[in-house]
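Since chain U is already given, all that's left is putting chain S on it; use the hints.
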Amino acid sequence: MSLRLDELRKHYGATRAVDGVSLDLGERETLALLGPSGCGKSTLLRLMAGLEAPDAGRVSLDGADITALPPQRRRFGMVFQDYALFPHLNVAQNVAFGLVELGWSRDDQRRRVRELLDLVGLEGLEQRRVQQLSGGQQQRVALARALAPRPEVLLLDEPLSNLDQTLREALKEELRGLLSSLPVRAVYVTHDQSEAFAIGRRVAIMRAGRITQAGTREQVLERPRSGWLARFLGHRNLYGREAVAAVPVAPRADTVLLRADLITILPVGPTPAGSAPAADDPRDGRAGTRATVRRARRDGLRWQLDLTLPAWGIELAWEGYARELPEAPLEGSQLALSVPAEAWLALEEP
Amino acid sequence: MRPSWVSTLLGVAASAFLAVFFLLPLGVILQRSFADAGALAHVASNPFYWQRLGFTTGQALLSTLLTVAVGLPGALLFARYAFAGKRLLTAAFTIPFVMPTVVAGIGFLALFGRRGLLGLDLRNTLLLVLLAHVFYNYAIVVRVVGSFLEGAAPRLLEAASTLGAGAWRGTLRVSLPLARPALFAAATLVFLFCFTSFGVILILAPAPRLATLEVEIYQLTAHLLELGQAAVLVLAQLIVVGAVTLVYTRMQSRLSLALPTPARALPRPQGAARAVLGLNTAVAALLILSPLAALAVQALQGPGGRFPSLANLGFAARPSAVIGFASLGLALRNSLLFATLSTLVALAVGFAFAYAVARGRWRILDQLSLLPLATSPITLGFGYLLAFPALVAHPWGIPLAHALIAFPFVARSLLPALRGLDPGHGAAAATLGAGPWRTLWRVELPQLGPALLTAASFAFAVSMGEFGATLLLARPEYATLPVAIYDRLGRPGAQHHGAAMALALLLMLVTGAVMMLLQRRGRSEF
Chain U
1 MSLRLDELRK HYGATRAVDG VSLDLGERET LALLGPSGCG KSTLLRLMAG LEAPDAGRVS
61 LDGADITALP PQRRRFGMVF QDYALFPHLN VAQNVAFGLV ELGWSRDDQR RRVRELLDLV
121 GLEGLEQRRV QQLSGGQQQR VALARALAPR PEVLLLDEPL SNLDQTLREA LKEELRGLLS
181 SLPVRAVYVT HDQSEAFAIG RRVAIMRAGR ITQAGTREQV LERPRSGWLA RFLGHRNLYG
241 REAVAAVPVA PRADTVLLRA DLITILPVGP TPAGSAPAAD DPRDGRAGTR ATVRRARRDG
301 LRWQLDLTLP AWGIELAWEG YARELPEAPL EGSQLALSVP AEAWLALEEP
Chain S
351 MRPSWVSTLL GVAASAFLAV FFLLPLGVIL QRSFADAGAL AHVASNPFYW QRLGFTTGQA
411 LLSTLLTVAV GLPGALLFAR YAFAGKRLLT AAFTIPFVMP TVVAGIGFLA LFGRRGLLGL
471 DLRNTLLLVL LAHVFYNYAI VVRVVGSFLE GAAPRLLEAA STLGAGAWRG TLRVSLPLAR
531 PALFAAATLV FLFCFTSFGV ILILAPAPRL ATLEVEIYQL TAHLLELGQA AVLVLAQLIV
591 VGAVTLVYTR MQSRLSLALP TPARALPRPQ GAARAVLGLN TAVAALLILS PLAALAVQAL
651 QGPGGRFPSL ANLGFAARPS AVIGFASLGL ALRNSLLFAT LSTLVALAVG FAFAYAVARG
711 RWRILDQLSL LPLATSPITL GFGYLLAFPA LVAHPWGIPL AHALIAFPFV ARSLLPALRG
771 LDPGHGAAAA TLGAGPWRTL WRVELPQLGP ALLTAASFAF AVSMGEFGAT LLLARPEYAT
831 LPVAIYDRLG RPGAQHHGAA MALALLLMLV TGAVMMLLQR RGRSEF
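Chains U and S supply the protein sequences, listed in that same order.
Residues in the first sequence are numbered from 1 upward in steps of one, following the working numbering.
Residues in the second sequence are numbered from 351 upward in steps of one, following the working numbering.
This is chain U alone, in the form it adopts within the complex (with noise of 0.2 Å):
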């Protein structure tokens, strides 16, 4: 039981939009498809609304084929980006908007549309006008109405972006518990990696019209598979073979990634017997080696350290809080480094 997307393509002219998606998505289950703006989420989005008709592929639900549905009726929810409200009816006319289309008794529409604006938090507002909402209402009232008819697939197309950053942080959480309480499944398009992480319990990243990887958001996190990615997921310590061919215990690979958020800062010097070894420890799969501090700045309060790695031949960016280190540091300085033999990923692609 499930949305299936098959080798799905849509070019514009010379630009190819959607290059050959295939995703899957079972029941309950909610994805984010991560990518930055132009790579083509937003249209995949349309394509499985419906929105839009593919040059090629297939879309399936349930095992049906639905690629010539009209979006009419297929029972995909969207909320919009802009949310596109219809300004011409209040906030309950435009939750039962799709109800009134399913032939919906009165009463009973009534009754859902309450239901909905408790579940969204908007009990109270049946009879306002759309325009004198605030923008977090406006979104809410566009998720009370794409969920009202209890679509098949609930499909979101940035919902957030048009809020401010407070906002959108509250709305991010609530969005988060109320998409994991519904029987529903989604699909959550968006460039914001922390709203991708949030939300997605798979998360499919996506570039230039393909998927690039998809995995649940621990794998996607942790593993990514290319260098591109890994600059995209915010990893900063990225190498060449010929960078890393002098660091004995970093992966033979075309392209390395180090992570910084795995390394451990050790004061130099006489360590306390016992506590993490300075040097390599082939043992429990560390490795440790001395850093000099070539640039150190405060973020707030985090610190962001550019580090020469001398005995490895390397550079290293690091952030982290103050409490991270063993000392503030300074220009110059020396620092030890404990590298766990996990934080080293040899990636499949540049």
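Hints in this document: simulated from the structure, not taken from any laboratory.
Fair warning: this is a prediction, and the values are worked out from it, not measured in the lab.
There could be a bad hint or two in this list.
To be verified - Computed Cβ-Cβ distance ranges for the label pairs, DEER-style: (1) 773/S to 240/U: 52 to 58 Å; (2) 592/S to 55/U: 54 to 60 Å; (3) 65/U to 622/S: 21 to 27 Å; (4) 208/U to 771/S: 39 to 45 Å; (5) 9/U to 660/S: 40 to 46 Å; (6) 658/S to 9/U: 51 to 57 Å; (7) 242/U to 771/S: 54 to 60 Å.
Cβ atoms here follow ideal geometry from the backbone N, Cα and C, with glycine treated the same way.
For chain S alone, coordinates are given in the frame of chain U:
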């Protein structure tokens, strides 16, 4: 920002001009209609005039209904779909609206007149009047409704489709309710134009039973010299028109409904929508292009059926032995001269007005700007006759009247442009040492180029085509192209008919060329 003394000065100047050349003539008409108790009683007790009021209202309502019926499907489809040739069609459909009434009238005469191409004489029938009104006003419905919907409807229809409403249900539940204020505004405007229809009626249906109030006022003034009764009719017409205008401004203010951002690209029509679009476009194109084509054919028809031939134009150019019969040269010279003068006046007044409204504390003037639009040309001409008898024999009489008729168009073109200017620029200029005049000259005017051009071409086209007021005010030596065309229609003989056609073609081409400029540039606030 504090309003500068420049905006105050311009506001005072614009108000003074409007007071003298618009409010004063209106006031004189009102005074006259109340002063002559006999005329008031005569008109009120005469069933003929009540009949005229009834007919005028009835034909305007019918014309409005028909125009909406033809225009609405087009507007809905144009706002919703992209298709090849859409821009060209949109431009073509706008032609009639900007064409002088005389050209529209002559075009239908070339089809359905006594010498018409179809050999079917429909003159003096209500049908022909209605056809001409639909022709003339179709663009209003398509433009006003279409452009209102174009921005938002496609996006909202997408949302509707994900909620289960397909093309028809979406039209019913989203497009139509959304379009309602725009549709009412367009219908009100169409009603106004048809209610005060003059040139079309005079040319296509001169029979007394088809006369509108506007035509009746003209007859009473120009032929019967019953100025008292004419003033009473003007009063009656002003009451209706004023009320409808009030409704229109109300409607218009509701058009500023907040709508979501436009869709990225419109879809192409498919299936039934495609068929409806094709049919609607074909009917509209036939209705709009056939009179203009017929006019061109008849204008270029030489003796013995030679085609194309400039014989008609040649005949029109010949100085006539008949006194008071303007030759092509004289009429063209007058038209161009008056159009230039009235454009300059309308631009000056319109700019002063718009600047005062946009920059100063002259909000109240804003409401006034549509008033001249609601005042028919015959009313204005009649007011000038009563208030400034000296202007009638004066070369400035016609340009002043034209400037006033063009004023709402000019003001409404300049207002959005002025409102769109960044007030920060003025502040920046002030900190750099530029006073209000220097700021106007060095910062604001240079940014208004396109809007000024739009406004100028509007004013020029209005003056070139203006018929009613000119007919009332024009002495033979000041006859313009439309008057010269009308004069020739009244003469017997195929040669005069041909000459009228040739002059109408010339007028059509000049107006068309001016409006081409307009099509390329900015938009106005209607």
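*Check each numbered hint from earlier against the structure, then list the numbers of those it violates in ascending order.*
5
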